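First to last, the protein sequences are chains A and B.
For the first sequence, the tail end lands on 310 under the working numbering, and the numbers increase by one without skipping.
For the second sequence, the tail end lands on 720 under the working numbering, and the numbers increase by one without skipping.
Treat the hints with care, since some could be wrong.
Said to hold, decoys possible - Below 25 Å or equal to it, Euclidean Cα-Cα: the simulated DSS-like pairs (lysine-lysine) are: (1) B:Lys606 x A:Lys19; (2) B:Lys617 x B:Lys549; (3) A:Lys108 x B:Lys438; (4) A:Lys108 x A:Lys220; (5) B:Lys708 x A:Lys108; (6) A:Lys197 x B:Lys460; (7) B:Lys709 x A:Lys111; (8) B:Lys708 x B:Lys460; (9) A:Lys108 x B:Lys709; (10) A:Lys19 x A:Lys9; (11) A:Lys216 x A:Lys108; (12) A:Lys197 x B:Lys709; (13) B:Lys617 x A:Lys19; (14) B:Lys438 x A:Lys111; (15) A:Lys111 x B:Lys708; (16) A:Lys19 x B:Lys543; (17) B:Lys549 x A:Lys19; (18) B:Lys460 x A:Lys111; (19) A:Lys197 x A:Lys108; (20) B:Lys636 x B:Lys617; (21) A:Lys216 x B:Lys460; (22) B:Lys549 x B:Lys606; (23) B:Lys460 x A:Lys108; (24) B:Lys708 x A:Lys197.
Unchecked claim - Residues from chain A that face chain B, not an exhaustive set, calculated with beta carbons under 10 Å: (25) Pro32; (26) Met51; (27) Trp105; (28) His124; (29) Trp135; (30) Trp182; (31) Ile191; (32) Phe245; (33) Leu263; (34) Leu278.
Said to hold, decoys possible - Coverage of chain B stretches by chain A, computed from C-beta distances (three or more under 8 Å per stretch; other residues unrestricted): (35) 476-488; (36) 539-545; (37) 593-607; (38) 690-696.
Note that these hints are calculated values from the structure, not bench results.
In this text, all values refer to a predicted model and were calculated from it rather than measured experimentally.
Positions of the beta carbon are idealized from the N, C-alpha and C atoms, including for glycine.
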Amino acid sequence: MTNVADIEKQALREARRIKHRSWLTSYLMVLPAMAFLIAFVLYPTAAMLIMSLYYGNAKNPFKSWRGLQNYNMRADFWVALRNTAAYTGMALVLVMILSILFAQWMYKARKLNNVAQTLFFTPHLVAGVSAGFIWSWLMSSQPYGLFNTVLQPIYQILNVPSIRWLDSSDTAMFSIVLMNTWKSVGYYCLIIMSAMKSIPTEIYESARLDGSSSIKTFFKITIPMISPQLFFLLITITTGSFKVFDSVRIMTNGGPGDATRVLSMYIYDYAFQRNNTLGYACAAGIIMMLIMVAVTVFDFAFVEKKVHYQ
Amino acid sequence: MLYRSIRQKIQRGQAGSVKKLILAFAIIGTVLFVLSFIGWYNYVPVKQALSAENAEQLRAQLFTGVYVDRSSLPAALAGVSPFGFTCSLLMRELLIASACFFALTMLIAVEKSLAVKQENGSLWETVKNTAIEYFQQPRWGLQLFSDVMKIVLMLAFVFPFYWMIITAFKTYPESLNVPPTLWPTQWTMEGYENTFFSGENILNYFKNTVLVTAAVIALQLLIMVPAAYAFAKREFPLKGLLFGIVLVAFMIPLQLTYIPVYLRMQDLNLIYTLWPQILPLGADAFGIFMLRQSFKQIPDEIIESAKLDSAGEVQIMTRIMLPMCKSAMVTIAMFSFIGTWNAYFWPLVMTRSRDVQPLTIVVEHLRDAELGVRWNTVMAANTLLVLPILLVFIFASKKIIEGFAYRGVK
Numbered sequence: 001m002t003n004v005a006d007i008e009k010q011a012l013r014e015a016r017r018i019k020h021r022s023w024l025t026s027y028l029m030v031l032p033a034m035a036f037l038i039a040f041v042l043y044p045t046a047a048m049l050i051m052s053l054y055y056g057n058a059k060n061p062f063k064s065w066r067g068l069q070n071y072n073m074r075a076d077f078w079v080a081l082r083n084t085a086a087y088t089g090m091a092l093v094l095v096m097i098l099s100i101l102f103a104q105w106m107y108k109a110r111k112l113n114n115v116a117q118t119l120f121f122t123p124h125l126v127a128g129v130s131a132g133f134i135w136s137w138l139m140s141s142q143p144y145g146l147f148n149t150v151l152q153p154i155y156q157i158l159n160v161p162s163i164r165w166l167d168s169s170d171t172a173m174f175s176i177v178l179m180n181t182w183k184s185v186g187y188y189c190l191i192i193m194s195a196m197k198s199i200p201t202e203i204y205e206s207a208r209l210d211g212s213s214s215i216k217t218f219f220k221i222t223i224p225m226i227s228p229q230l231f232f233l234l235i236t237i238t239t240g241s242f243k244v245f246d247s248v249r250i251m252t253n254g255g256p257g258d259a260t261r262v263l264s265m266y267i268y269d270y271a272f273q274r275n276n277t278l279g280y281a282c283a284a285g286i287i288m289m290l291i292m293v294a295v296t297v298f299d300f301a302f303v304e305k306k307v308h309y310q
Numbered sequence: 311m312l313y314r315s316i317r318q319k320i321q322r323g324q325a326g327s328v329k330k331l332i333l334a335f336a337i338i339g340t341v342l343f344v345l346s347f348i349g350w351y352n353y354v355p356v357k358q359a360l361s362a363e364n365a366e367q368l369r370a371q372l373f374t375g376v377y378v379d380r381s382s383l384p385a386a387l388a389g390v391s392p393f394g395f396t397c398s399l400l401m402r403e404l405l406i407a408s409a410c411f412f413a414l415t416m417l418i419a420v421e422k423s424l425a426v427k428q429e430n431g432s433l434w435e436t437v438k439n440t441a442i443e444y445f446q447q448p449r450w451g452l453q454l455f456s457d458v459m460k461i462v463l464m465l466a467f468v469f470p471f472y473w474m475i476i477t478a479f480k481t482y483p484e485s486l487n488v489p490p491t492l493w494p495t496q497w498t499m500e501g502y503e504n505t506f507f508s509g510e511n512i513l514n515y516f517k518n519t520v521l522v523t524a525a526v527i528a529l530q531l532l533i534m535v536p537a538a539y540a541f542a543k544r545e546f547p548l549k550g551l552l553f554g555i556v557l558v559a560f561m562i563p564l565q566l567t568y569i570p571v572y573l574r575m576q577d578l579n580l581i582y583t584l585w586p587q588i589l590p591l592g593a594d595a596f597g598i599f600m601l602r603q604s605f606k607q608i609p610d611e612i613i614e615s616a617k618l619d620s621a622g623e624v625q626i627m628t629r630i631m632l633p634m635c636k637s638a639m640v641t642i643a644m645f646s647f648i649g650t651w652n653a654y655f656w657p658l659v660m661t662r663s664r665d666v667q668p669l670t671i672v673v674e675h676l677r678d679a680e681l682g683v684r685w686n687t688v689m690a691a692n693t694l695l696v697l698p699i700l701l702v703f704i705f706a707s708k709k710i711i712e713g714f715a716y717r718g719v720k
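Assemble the whole structure, with the sequences as input and the hints as a guide.
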């Protein structure tokens with residue numbers, strides 16, 4: 001009967017119409033977010049890629065074609081890269097070790113530990129700018145600098161000249177790392193701590209019954225059990241350190257000399273502060289992104305295999 | 311009266327409502343404080359003090375409140391002073407009111423903690439029992455050493471904040487004292503005066519920060535919530551690809567995107583407005599990711615049954631999804647509040663005029679403004695920048711810490 005087929009067809013059409021309308025609603029829901037992401041993240045990345053092939057400035061980014069010549073990096077780029085790597089290395093070691101130690105030290109549920117956790121976390125909420133100001137005041141190498149006043153007796157005993165913190169190219173980078181460790185260790189400690197709390201106590205019990213020492217328990221049980229969080233830390237600290245800008249600009253502004261000129265500062269300088277060097281900045285930015293992606297991919301490919309997921 | 315009824319409530323064990331009350335009082339106190347500050351600043355003699363001959367004296371009087379002319383209070387209520395200027399003489403009254411609210415809040419907080427203690431015997435008993443327990447531990451010596459170290463470390467972590475606040479109240483010569491003084495020998499508002507009267511219109515910067523932060527939070531929620539919902543609960547073609555875009559965007563740092571965004575904003579003549587600081591932060595890839603995660607946790611059955619009850623899309627969103635994801639949304643809003651309030655890099659590269667710059671940048675101006683760095687002024691401005699964040703943290707520390715811990719786990 002043609003009638004039944006007709007009705008069937010109509011029902012199908014109706015179902016499809018409803019489906020399409022539902023699709024339309026879905027697209028309407030994701031459209032704004034997609035538009036923003038494309039306009040402010042993807043498009044700029046593509047534009048950077050193209051601009052990195054040109055010679056130009058903020059008024060006219062495409063003055064003349066340079067091809068890949070912008071990627072033939074100048075000496076100060078390598079300085080910036082080395083500084084960034086040094087910063088990242090120091091931050092990784094310091095923050096990782098300290099946050100694990102602090103977490104192990106105070107993960108038990110006690111009132112004192114809760115207070116300590118809150119206080120350690122507080123610096124993380126404060127602007128990098130504010131933290132930079134406070135610490136450059138504390139680290140002032142003038143006689144009124146607080147750190148040097150406190151350390152003065154030690155200097156006298158050891159008979160060494162006082163540390164010049166941010167004013168000496170040997171210690172400036174480490175001083176910034178120190179500040180950022182103070183700022184972020186509470187946050188990373190918090191993550192490790194919540195991982196430690198989720199380790200079943202039975203495991204510790206049986207380790208204790210087997211007569212394993214507390215140091216052995218720490219390395220054989222705690223560390224493997226929190227390895228997913230350690231992995232998260234590794235990636236966050238590395239990518240975060242590669243982007244470091246605020247605290248460096250406030251505390252040293254790249255100085256003394258070029259001792260603390262990091263990659264993002266190099267890009268900032270070359271983008272608008274100088275003439276016709278937009279291409280260099282874009283090329284450096286692209287390289288910076290490639291390094292960050294490479295680090296992340298490398299971590300996922302090699303380190304993640306050793307990570308224990310429950 | 312108010313106090314007594316609150317006390318009764320605590321004794322009846324309705325601690326939850328008391329907590330809300332404390333929060334409300336704190337918010338009212340803060341709002342009153344800010345209002346009074348603005349009112350005081352707009353008070354015409356304050357502005358005159360900027361250019362007056364005897365500025366030093368005038369400023370000192372302004373800060374003690376002596377200058378306020380009591381006799382013209384009724385006129386001030388109408389908003390017009392006897393001289394025909396619009397002004398806000400209510401500033402002092404408002405300050406007192408907010409101080410009262412703060413005091414009441416503190417009192418209730420103390421009362422509350424005492425009430426909790428009293429459930430397990432008297433205060434002295436509790437202390438005694440805790441001490442006895444402490445020294446009955448197997449290795450209490452080690453524990454004591456560890457705890458003392460912990461307290462020392464805690465103090466060391468908070469010390470920079472203390473140093474900031476204390477420096478702001480020192481005079482300039484004292485701030486350069488050798489050796490530094492741990493407690494100001496002479497308290498002064500000099501640092502705060504300089505932040506307000508150094509030619510930088512600090513309230514304008516403050517306004518910019520507040521506006522940008524509020525706009526970013528609103529825009530982010532408006533844009534990200536529907537997208538996250540669609541990614542979590544709806545099927546449509548190319549969903550995988552579109553979500554891939556989100557993941558890719560998550561990897562790209564701001565240091566990379568700002569140059570083209572700046573050029574575009576320049577082309578659109580927006581660089582002298584607040585928009586470049588707001589729009590590019592509208593969709594945060596990480597936020598979408600996190601919201602999607604929490605939408606996913608809502609069981610499908612709830613949506614199905616709502617559909618059977620012939621609820622529309624909008625109704626499902628507003629009646630079911632949003633209330634169930636309130637906590638995730640608060641967390642997102644909190645992240646963007648902290649992130650935008652503290653933002654330095656983005657405003658630095660996205661602004662060319664001082665009219666649109668936020669508070670983070672004015673601190674830098676203050677440092678660079680004079681020949682030598684006037685640390686007490688810088689620290690005063692810095693305190694103004696840090697204080698709102700610290701206030702929020704004091705009242706919602708548990709919530710904020712939970713949010714950050716959650717971000718690490720996912």
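Against the structure, the hints:
no. : hint                : result
1   : B:Lys606 x A:Lys19  : holds (21 Å)
2   : B:Lys617 x B:Lys549 : holds (22 Å)
3   : A:Lys108 x B:Lys438 : holds (22 Å)
4   : A:Lys108 x A:Lys220 : holds (19 Å)
5   : B:Lys708 x A:Lys108 : holds (17 Å)
6   : A:Lys197 x B:Lys460 : holds (19 Å)
7   : B:Lys709 x A:Lys111 : holds (17 Å)
8   : B:Lys708 x B:Lys460 : holds (20 Å)
9   : A:Lys108 x B:Lys709 : holds (20 Å)
10  : A:Lys19 x A:Lys9    : holds (15 Å)
11  : A:Lys216 x A:Lys108 : holds (19 Å)
12  : A:Lys197 x B:Lys709 : holds (18 Å)
13  : B:Lys617 x A:Lys19  : holds (15 Å)
14  : B:Lys438 x A:Lys111 : holds (16 Å)
15  : A:Lys111 x B:Lys708 : holds (14 Å)
16  : A:Lys19 x B:Lys543  : holds (15 Å)
17  : B:Lys549 x A:Lys19  : holds (15 Å)
18  : B:Lys460 x A:Lys111 : holds (12 Å)
19  : A:Lys197 x A:Lys108 : holds (8 Å)
20  : B:Lys636 x B:Lys617 : holds (21 Å)
21  : A:Lys216 x B:Lys460 : holds (24 Å)
22  : B:Lys549 x B:Lys606 : holds (15 Å)
23  : B:Lys460 x A:Lys108 : holds (13 Å)
24  : B:Lys708 x A:Lys197 : holds (17 Å)
25  : Pro32               : holds (5 Å)
26  : Met51               : holds (7 Å)
27  : Trp105              : holds (7 Å)
28  : His124              : holds (7 Å)
29  : Trp135              : holds (7 Å)
30  : Trp182              : holds (7 Å)
31  : Ile191              : holds (3 Å)
32  : Phe245              : holds (5 Å)
33  : Leu263              : holds (8 Å)
34  : Leu278              : holds (7 Å)
35  : 476-488             : holds (count 5)
36  : 539-545             : holds (count 5)
37  : 593-607             : holds (count 3)
38  : 690-696             : holds (count 3)
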